[in-house]
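Visitor: Taken in order, these protein sequences are the chains called W and F. Numbering-wise, the first sequence is residues 4 to 294 according to the numbering used here. Numbering-wise, the second sequence is residues 4 to 294 according to the numbering used here.
No wet-lab data here; the hints were simulated from the structure. Ideal Cβ positions, reconstructed from N, Cα and C, are used throughout, including at glycine. Careful, some of the hints might be misleading.
Unchecked claim - Capping the alpha-carbon separation at 30 Å, the derived lysine-lysine pairs in BS3-like fashion look like this: (1) F:K267 with W:K267; (2) F:K29 with F:K178; (3) W:K249 with F:K209; (4) F:K133 with W:K88; (5) W:K267 with F:K215; (6) W:K249 with F:K267; (7) F:K88 with W:K209; (8) W:K113 with F:K274; (9) W:K215 with F:K274; (10) F:K40 with W:K282; (11) W:K133 with F:K133; (12) W:K133 with W:K178; (13) F:K274 with W:K274; (14) W:K215 with F:K133; (15) F:K267 with W:K282; (16) W:K113 with W:K215; (17) W:K282 with F:K133; (18) F:K40 with W:K215; (19) W:K158 with W:K209; (20) F:K209 with W:K286.
To be verified - Stretch by stretch, here's where chain W covers chain F in the computed footprint (C-beta under 8 Å, at least three residues): (21) 98 to 111; (22) 146 to 152; (23) 204 to 215; (24) 233 to 243.
There are 2 protein chains.
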Amino acid sequence: MEWINKQNVLIVGLGLMGGSYAKALKRIGCRVTAIDKSEDTIKFAIDNNIIDDGTFKEENEASFVKEADCIILALYPNAAIEWVKNHVDNMKEGIRLTDVTGVKSCIVYKIQEILGDKAEFIAAHPMAGKETSGVENADDRIFRDANYIVVPTDKNTEEAILWCENLGQILGFNKVSILSPEEHDEMIAYVSQLTHCIAISLMTCKDNEHLKDYTGDSFRDLTRIARINENMWSELFHVNKEPLLKEMDLFINELTQLRNLIDKDDQEAIKEKMRLSTKRRSKFNQNNKNK
Amino acid sequence: MEWINKQNVLIVGLGLMGGSYAKALKRIGCRVTAIDKSEDTIKFAIDNNIIDDGTFKEENEASFVKEADCIILALYPNAAIEWVKNHVDNMKEGIRLTDVTGVKSCIVYKIQEILGDKAEFIAAHPMAGKETSGVENADDRIFRDANYIVVPTDKNTEEAILWCENLGQILGFNKVSILSPEEHDEMIAYVSQLTHCIAISLMTCKDNEHLKDYTGDSFRDLTRIARINENMWSELFHVNKEPLLKEMDLFINELTQLRNLIDKDDQEAIKEKMRLSTKRRSKFNQNNKNK
Numbered sequence: 004m005e006w007i008n009k010q011n012v013l014i015v016g017l018g019l020m021g022g023s024y025a026k027a028l029k030r031i032g033c034r035v036t037a038i039d040k041s042e043d044t045i046k047f048a049i050d051n052n053i054i055d056d057g058t059f060k061e062e063n064e065a066s067f068v069k070e071a072d073c074i075i076l077a078l079y080p081n082a083a084i085e086w087v088k089n090h091v092d093n094m095k096e097g098i099r100l101t102d103v104t105g106v107k108s109c110i111v112y113k114i115q116e117i118l119g120d121k122a123e124f125i126a127a128h129p130m131a132g133k134e135t136s137g138v139e140n141a142d143d144r145i146f147r148d149a150n151y152i153v154v155p156t157d158k159n160t161e162e163a164i165l166w167c168e169n170l171g172q173i174l175g176f177n178k179v180s181i182l183s184p185e186e187h188d189e190m191i192a193y194v195s196q197l198t199h200c201i202a203i204s205l206m207t208c209k210d211n212e213h214l215k216d217y218t219g220d221s222f223r224d225l226t227r228i229a230r231i232n233e234n235m236w237s238e239l240f241h242v243n244k245e246p247l248l249k250e251m252d253l254f255i256n257e258l259t260q261l262r263n264l265i266d267k268d269d270q271e272a273i274k275e276k277m278r279l280s281t282k283r284r285s286k287f288n289q290n291n292k293n294k
Numbered sequence: 004m005e006w007i008n009k010q011n012v013l014i015v016g017l018g019l020m021g022g023s024y025a026k027a028l029k030r031i032g033c034r035v036t037a038i039d040k041s042e043d044t045i046k047f048a049i050d051n052n053i054i055d056d057g058t059f060k061e062e063n064e065a066s067f068v069k070e071a072d073c074i075i076l077a078l079y080p081n082a083a084i085e086w087v088k089n090h091v092d093n094m095k096e097g098i099r100l101t102d103v104t105g106v107k108s109c110i111v112y113k114i115q116e117i118l119g120d121k122a123e124f125i126a127a128h129p130m131a132g133k134e135t136s137g138v139e140n141a142d143d144r145i146f147r148d149a150n151y152i153v154v155p156t157d158k159n160t161e162e163a164i165l166w167c168e169n170l171g172q173i174l175g176f177n178k179v180s181i182l183s184p185e186e187h188d189e190m191i192a193y194v195s196q197l198t199h200c201i202a203i204s205l206m207t208c209k210d211n212e213h214l215k216d217y218t219g220d221s222f223r224d225l226t227r228i229a230r231i232n233e234n235m236w237s238e239l240f241h242v243n244k245e246p247l248l249k250e251m252d253l254f255i256n257e258l259t260q261l262r263n264l265i266d267k268d269d270q271e272a273i274k275e276k277m278r279l280s281t282k283r284r285s286k287f288n289q290n291n292k293n294k
């Protein structure tokens, strides 16, 4: 496989995700370099053998880009677009780029346009994470039970799609699949962004400090993700605004319907909703026995 | 302590909760009897030494009631009220009753009125549970990390309140506290009933079977409780309708606000919400290191 050995991989943005990619890729014999704004991050990563080399100085970035056989963008969406714009001229002809961003339509088309025929960008979303951040917490075991989604457009070649799928397998993801940017963004608006909006609103709708002693598992489960990196998530919401608003409206409408059924004492309709939710959630359990 | 030894405890309704009470009380030397409509349940509980004696026949109930030094109601709210109505005449003079019901205002005052001076009802809510049900799954270890709330009214004596707090300690609850019926019902509408409504609506708002492969931990966390006993929960929603609607409106309003901030691209206001939710949720974590 193309990924094994001799690949010179450049990771741009060495946080939890970039660092975890680095660990997995070093293990299979890639030469891994990284660019990050933080001197501490680069030093830590070199000292701990997470990367082979790297730089935190803008003036050195070009030489790392020139050497790269492929590039993994592990930046926030807007920063990824900016970075590609600034460095496209230094890239080797025909290399492949991929990313780790949680939203797609807003960046895939733009990056592909910037690259033109110079290089090929094939987007991917590794649906893994931890509640901690930073390269110090990098750990490629987070990929084991997680999903990896390749998100091609019409402009992508079969070879690049396969290359990106292989990357997901090499990283150790449980399942690798393919979605269009639009399918991906609708899905992520529902299963991830909407759930974070719900968790936030559950915490902010009411002064609840005095309730700490009374919460059971359900409240804790629903609000675990209410601790949130506000810079990253406000940007993710912004760039995926249209699908997110659609899912929020769908959910608010459904919850309002349930509210009105309770208000009207329509027991049979309420039970019908509960049976549907039970049936659907049971299917999820069958798929993932351990969750 | 009054609870140790010689108490003749009657448990009415031998499900997961009644059975778990029985196990804990047998262990400290109480004589435990039970009434349940199911022959299998009573047989299983006697065969497995969960209770000392019990009946599934209505015509035998009176003799068990006459012997009881105290009674634990482990029935659905309306069934509990009915049962007390039917059996008050057979109760020993001055005994105490308690319950395990998840809603309070709707039953406490009614049961206290039915009992009059004959016996004293002191309500309690053991905030424990499992996703399984039935006496076969009874297990008093579910009380260990959980909260137990004593819910007295003006009619309750200091002695009964203390007796009920002692019961919570004996059962092995992590924390025993006191709330008024109204405080309790508002709290439970927020931390338990609203969260169940949210989980249900997340599953019912959208056909999601094809999304099984893409869900991460957040979606699974938020919908774990979407598998729901529709008979019990529709009754719980009904009897606690007023506080529940209030909390639902609060939450729907807050989520709609967040939706509108996203729509207007008000990044600073969105970040402010996120900071508040992060701060509040972090305090919850400090309180329960393991959750």
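Visitor: A separate judgement is required for each hint: does it hold in the structure or not?
Guide: Taking the hints in turn, this is what the structure says about them:
| no. | hint | result |
| --- | --- | --- |
| 1 | F:K267 with W:K267 | 34 Å, violated |
| 2 | F:K29 with F:K178 | 21 Å, holds |
| 3 | W:K249 with F:K209 | 11 Å, holds |
| 4 | F:K133 with W:K88 | 54 Å, violated |
| 5 | W:K267 with F:K215 | 33 Å, violated |
| 6 | W:K249 with F:K267 | 14 Å, holds |
| 7 | F:K88 with W:K209 | 38 Å, violated |
| 8 | W:K113 with F:K274 | 26 Å, holds |
| 9 | W:K215 with F:K274 | 24 Å, holds |
| 10 | F:K40 with W:K282 | 28 Å, holds |
| 11 | W:K133 with F:K133 | 26 Å, holds |
| 12 | W:K133 with W:K178 | 18 Å, holds |
| 13 | F:K274 with W:K274 | 38 Å, violated |
| 14 | W:K215 with F:K133 | 20 Å, holds |
| 15 | F:K267 with W:K282 | 37 Å, violated |
| 16 | W:K113 with W:K215 | 46 Å, violated |
| 17 | W:K282 with F:K133 | 18 Å, holds |
| 18 | F:K40 with W:K215 | 37 Å, violated |
| 19 | W:K158 with W:K209 | 48 Å, violated |
| 20 | F:K209 with W:K286 | 15 Å, holds |
| 21 | 98 to 111 | violated (count 0) |
| 22 | 146 to 152 | holds (count 3) |
| 23 | 204 to 215 | holds (count 10) |
| 24 | 233 to 243 | holds (count 6) |
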